[in-house]
Structure formats: structure tokens, C-alpha cells
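Put chain H on the given structure of chain G with help from the hints.
There are 2 protein chains.
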Amino acid sequence: MARTIHAALLGAGTVGGGVYRLLERREGEMVNKLGAALEIKTILVRDAKKPRAGIPPEKLTERFEDILSDPEIDIVIELMGGIDPAKRYVEEALAAGKHVVTANKDLLAEHGFELAETAAARGLDLRFEASVAGGIPILTPLMTCLEGNDITEVMGIVNGTTNFILTRMTNEGTDFADALREAQALGFAEADPTADVEGLDAARKVAILASLAFHSHVTFSDVPTVGITKITAKDIGYAREMGYVIKLIGIARSTNGEIEVGVSPMMIPKRHPLASVNDSFNAVFVHGDALDDAMFQGRGAGAFPTASAVVGDLIAVSRDILAGCNGRVRLNPYRGLPLQSRGNAAHRFYLRLRVEDRPGILASVAGVLGNNDVGISQVIQKQRTEDDAEIVVITDRVQTRHMEDALTIFGSMSVIRDVSSVIRVYSEKP
Amino acid sequence: MARTIHAALLGAGTVGGGVYRLLERREGEMVNKLGAALEIKTILVRDAKKPRAGIPPEKLTERFEDILSDPEIDIVIELMGGIDPAKRYVEEALAAGKHVVTANKDLLAEHGFELAETAAARGLDLRFEASVAGGIPILTPLMTCLEGNDITEVMGIVNGTTNFILTRMTNEGTDFADALREAQALGFAEADPTADVEGLDAARKVAILASLAFHSHVTFSDVPTVGITKITAKDIGYAREMGYVIKLIGIARSTNGEIEVGVSPMMIPKRHPLASVNDSFNAVFVHGDALDDAMFQGRGAGAFPTASAVVGDLIAVSRDILAGCNGRVRLNPYRGLPLQSRGNAAHRFYLRLRVEDRPGILASVAGVLGNNDVGISQVIQKQRTEDDAEIVVITDRVQTRHMEDALTIFGSMSVIRDVSSVIRVYSEKP
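Chains as they are written, first to last, in my numbering: chain G, 1237 to 1666; chain H, 1237 to 1666.
Hints should not be assumed to be uniformly reliable.
Identical copies go unnamed one by one, so any copy, or any two together, can satisfy a pair.
Subject to a maximum C-alpha distance of 25 angstroms in a straight line, what follows is the list of computed DMTMM-like cross-link-like pairs (lysine to aspartate or glutamate) [to be verified]:
| id | residue 1 | residue 2 |
| --- | --- | --- |
| 1 | Lys1470 | Glu1418 |
| 2 | Lys1506 | Asp1529 |
| 3 | Lys1506 | Glu1477 |
| 4 | Lys1295 | Asp1306 |
| 5 | Lys1269 | Glu1353 |
Hints in this document: simulated from the structure, not taken from any laboratory.
In isolation and in its complexed conformation, chain G is listed as follows (with noise of 0.2 angstroms):
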């Protein structure tokens, strides 16, 4: 008789029901698949005593201790997300010798080098393939298959929630609020949208992807980042006539040795792959020395995409365990590459400003550019009423210190009513 490998699960909410759901499905062929069974022998819940459709009640347990202290279970998976107490839980885990999935980014953008490093020194498996792009295969093809690449450029629609949104504002003509309330009516933004909208969640999944693909270290904290709250209608509309779509970025990239993370809302070229990434899709552009450019893309969220990662990570852990040659493959920040000072980094910039409709202020906005080394690529004014008009601007590469110089200016010109938008534009890499 084949071996069992046992797991307990940590969460049985959403993307804990699909994992027990999917395994359940998968039952029948695991053993050919793995040359053993893999069962959910025990699942951490609040209430034990709520039932739970499909699940057995005498597998619940509301004491961690119930599982930590169970030899026959090998792997822990982790689904609560949060950091606390889920950092604890995986320590303890490590601690008593068993193997880690998680899908938890909060706790993996801000604390995966340590835990990586405390399940390598025990020789143990950490696999946390779901916590980016949900079911898209993305973190294990850059340990593996493009290992032997220097990887660039990572950049990518890493947020369903906000991609939604902008898509819906894009083909509707809705503005944000309005596209806000229909994605939270769907059940794609939460109650609290914050997380998402803000670009906050975006931001754990770029730490993550960065420090994979720089082998360097990036936390959370380290990714400046921007929400989708302040993009209108108004300007979806000038990036359409100017050829581009505006999409939430997460980007990361590595320049002469020094690394540039960020999330922003950026103007995509309507060519570029990213920009038919609609609706909650996810997708990750990569671009390596080798490979040249590629894009995966797919399902970033909900129950069963993640459940395909996290069981995809399940029976890589059990293959190993199997084979004896568990804690392998690890992050390891061995490049420690520097992060790029924020005003250093050039970009191409868009901007709205509203002014005075006179003779000579589009000389003036020019002029200040000029100033402060900011080169013009395209320009449109429009007439907005009967002494306001509309200038929008696409920049050049321009270091950002310089935009910041021009845009201070502007805000001390009498004939600049406001500057009422400023959005990244994407660039190539120089």
C-alpha cells in the first residue's frame, strides 16, 4: 500500500475550502501523480462547532498545539493571511520539523527572507507559489526554468480588484466610485477596499517577485506606491487619444546594479501585452538576458486559481519528501543588490494641468519644462470653458527630481489653476 502524506490546513475559509475541495477531486490519481495518498488530516478554525460544507467536522480544531504536536502530519498549510498570528504558526511549524505552503504575501513581503532561511537551515520545505498571481505559475518558473537568466524586468497587473475597476472605467465611461460599487456588488472588492485600491497589496506581491528575481532583499516598506483613487474618467480619455490604456503597475527592475521597485498607475502603450490584460486578470511580464520578453497570465485570485497553486506547491513538497531532498531550492539574497534612490529613477511622465485660457500659457508650461530638463513628447490643449482650458503633457524619460522641480513651479504660477493629474508613463527599459 501506498504511503500517506498528511497536511493540516491552516483556514478553512475561501481558499481553504478550494483546497480541500481540489485534493478531494484529485484523490483517486494522487497516487499516481505522487507514488503516495496526500490528505488534509486536520484544519485550525475559529469555531470548531460551525459546520462546513463537505468537510469532515472531526478533522476542525480551534488549538494549533492539535497539529504542531501531531507527528503524522508533514506539511502545514497556510492560509489565514495577516501576519499575526500567522508568522508565529509557520515558526512553530518550521520549529517541529514540518514542511511550509502558504499563500500568505503580507507575511511573505515582509518577513520571507527569515523564514526562508530558518526552513533551509532545517532543511525544510517554505513554497508559497499562490501569494502572487493566485493560479498563475510565476515564482516557481523564476527559481527554476529562468534561473539561468539575469532577470531585468518584472512587471505586471498583480491585482484583480484594481484591474477590474480601471477595465470598467475604460470600456463604461464609469467613473471610479461607481466602478468601486459594482466590483464590491461582484464580490471583487472587499468592504474595505483600502488594501487593494491603494495599491498596498500590489505592492507586497512586487517585494516578493523582486526579491526572486534580483535575489536581493525587498521588503514591503521598500515599494513606494501609488493608488488607482485618484485616476477620472477624464483621464482614461486623453490616454486613449494618445495611444495608451492606464492600468495599476507593479514593476521592478534592476539598472546598473541598482534595483527600482514601485506601484503606480502607469500609462501602458495599447500594443504592449499588458494593456489587453482586462477584467480581474492577472498577468507577469518578465524580461531576461536570455529569454527576452515573456508574459504569464491568468487568474489572480479566488478560490480554486489559488487552490491550483497551493496544491501545486502541496505535491512539490511531497515529491521531495518522498525523494528525501526537502530545502533545496530557497530564496537567497546572495546578489544584494542596492534599491535605486527614488529621485534617480527617470521616468516618462503624463500630466493635466488646468489654466488660464490665454495667449502664451502653453509657451509658459513649455518653458518650465524646458527649465528643469523635462523634454515634451506630446502635447494637447483644450478649451474647457470660457477662460479655462486644458493642457496635457507626455514627457520624455526624465529623472524624477527634475519632474518634482517642474511641477513645484507650476504650483506657484497664478495661471496654473491646478495640476490635476500626474501619471507614470510606461517606458521600456534604457
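For chain H alone, kept in the frame of chain G given last:
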């Protein structure tokens, strides 16, 4: 001092040279990545006296025996292509206890399972990520990250040459012969383009993808193949009018316990992610019961993209060597699903008929289709010359044998001058 893992290259052509140079670029980092150095010790070539830029002549040999009998060589990298002598060399390498990394789709599509079995029986790794879609990680993700899924569809653009030609025909209105000549001039097509333009290269990749995705035995000869040589600018124009793009698609589906495989030109709806994969790019679209839809795109050929996949495999084999756990994962046909008989496969079709221009012809055509259970989804009728008209039909999903019956009747009708084109139209899995 760190251990050195030694490998041998069979072939120092485009890809072999790329692998050698890529490993040189990563030389300083390999110990960090692996915990060991990785060195190409010997290279099998036809003429060891011919100088090769960047490759030390003392590494070259004309005798495979030198590699086989060298106990220091752990891994043989087969990049010769073709069945003979590649198959013999791979078999002999495995028999000598050496792991094998190969980019050889011809070999894998015909003898993949027997080679995989030989390797597994000896606890050796046999990896072949580069054999499908060049640098795009797809086989490794299918065997690990996506292994928890019931994969029901794998389809894609897996031949860059034909995608380049069709993109030219679509965007510039070029005809097939001119686009082919351009592809040859640019080095995207070989002097003898048969394997590419007749779909044989794509069929080999479909066989490999289907074998992995469905855990069943599918070989090259199982894949019915239609090339792109008969696609005309006219068909591309009608496709555009009806909202489609024509691509050469390799498809593998499992439906009701049967496998459908094939390579053929296909009309893809403009909104499908594959429709915007252009030029020499490849893309593979995967549907799994948990994953839902995902797509992987990138460079399907070229020295460095292919080297990216080969070196990824080398790193994986080396990690397994260092941990003593080779032979864990293999091509395993445990499901043994049968192939669907061709006549039962249900597809949508595009037909272009040249007919006499007189009243009632459209009704006769519609009548024949209706009598043969072929539903009509879209129809266009166009005047061509004074007495010559053209009828273009897109059908509903119909059984292939019903379509073939209708085509036989069309062949016997004097008012139908010829059936100019029959092209499959993409439809969602039923």
C-alpha cells in the same frame, strides 16, 4: 571549495553556442545559485578542427565515446535535433548513468515515453523544457505548478515561422509566397520550410504537450496536421470582416475521457488572448478545472531563448544531483486516455465557395448544409465578376463527418465552381 558539475554538449550550432555562452555569463553566480560550479567539459561536433568563436578547441571532440566514457561528466545536453543518431546517443548516455537535457522535439514526440521510462528506471533525470515553445516555461509548470488540475485544454501558437508569415499576411496583405520569402531572408524560415509551413513542427510540440497535460500516450503520428500553404489574403480579409484572425494553432483537448489533438489554421476571435500574439512570438493557452484560463507567451525559438530553457533544466538537474534525488518527476501516462476518432470531433468551420451568380444559390447552399445537420452562424455573399459570386459561411459547432458529407455534395453541384477554403473556427470547449 565548491564541487563542479560537469556536462557535455552534443552539438555546437546556434543553440549549443547559446548554451555555452549563457553558462559563461552566469559562471560567477552559479555557486550562489546551486552550491556548485557548472561546467561544459566536452562538446561533440562533426569537425573538431573548425574554429568556433569563444569555445576553447580542447573541449571539442568528434567521438561520442569520449563523453560516454568520461566518469566526470554527469549530464549530457543533446542539441543535435532529429531522431538519428540523437536517440542512440541519449539511450547510451542514460545507459552510462548520465542525466539528459534535450531540446529535441522530434525525439520526444516519438520516443518520449520510452526514454522517460529508461531514465526513471535508473533514477536519472530526463528534462526537455526547450523542446516546446523555446524560452517559455510551459512543460515544467505543467508537471509541477499545474499538476493539481484536471487540464482539459492546451492550445497555442507553437511555431514562430508560421506566426511570422501569417502576421505579415494579416498586417501587410502580403500573399503566402512573398511572406515566406521574407521570413527566409530574415532567418525566420529555413531554406526547406516544409516542417514549419506544413505544421509538422507544431504537431511534434502538440504531441509533447498532450502527453504531459493528459498523462496519456500521444505521439507525433497521432496528430492530424494541416499547414498554412493554402491560406490566402482573401481568407484573411473575410476573417477580419467577421471578427477573426487566422493563426496556425496546435490544439489538445480532453473531452469525455477522449483526447482530441490537431494542428491547423484556425480562425480565432479577435478578443481571444491568442489573437494578439504576433510576429515570431509563441504562446500556449491552458485551461484547467482549478486554474481556469492561463496563457504563457514569449520567444519560441532563437539561440538565447532556447538556451534559457536548457540552462533552467541544467540547474534543476544539478540541484537534484547535489541533493541525490534525480528521477523524481517523469512523463507518466497513467491515465491512458484514447484518441477521439476524427469524424466525431465537433468543430465550427469557415467555408469559402465560388458559385455561379444567379438567384437561389445561397438557398441551395443553405439547404445542403441544413440537410447534413450543419447549422449556419454567419453568412456573407459577394459579387466577384459578372457571373461569379462568392459565399462565405461560418457554421455552428458540427461533427466533422457531417461537414465532410456536405462538402462531398458541394463537389457534385454544378452551380458550385469550387470550395476555395475550409478553415476551422475556434470555439470554446463544449
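Going through the hints against the structure:
1. Lys1470 <-> Glu1418: within (20 angstroms within a copy, 43 angstroms between copies)
2. Lys1506 <-> Asp1529: both (17 angstroms within a copy, 22 angstroms between copies)
3. Lys1506 <-> Glu1477: both (11 angstroms within a copy, 21 angstroms between copies)
4. Lys1295 <-> Asp1306: within (13 angstroms within a copy, 55 angstroms between copies)
5. Lys1269 <-> Glu1353: For Lys1269 and Glu1353, the Cα distance is within 25 angstroms only across copies (15 angstroms; inside one copy 29 angstroms).
Hint compliance for this structure: no hint is broken.
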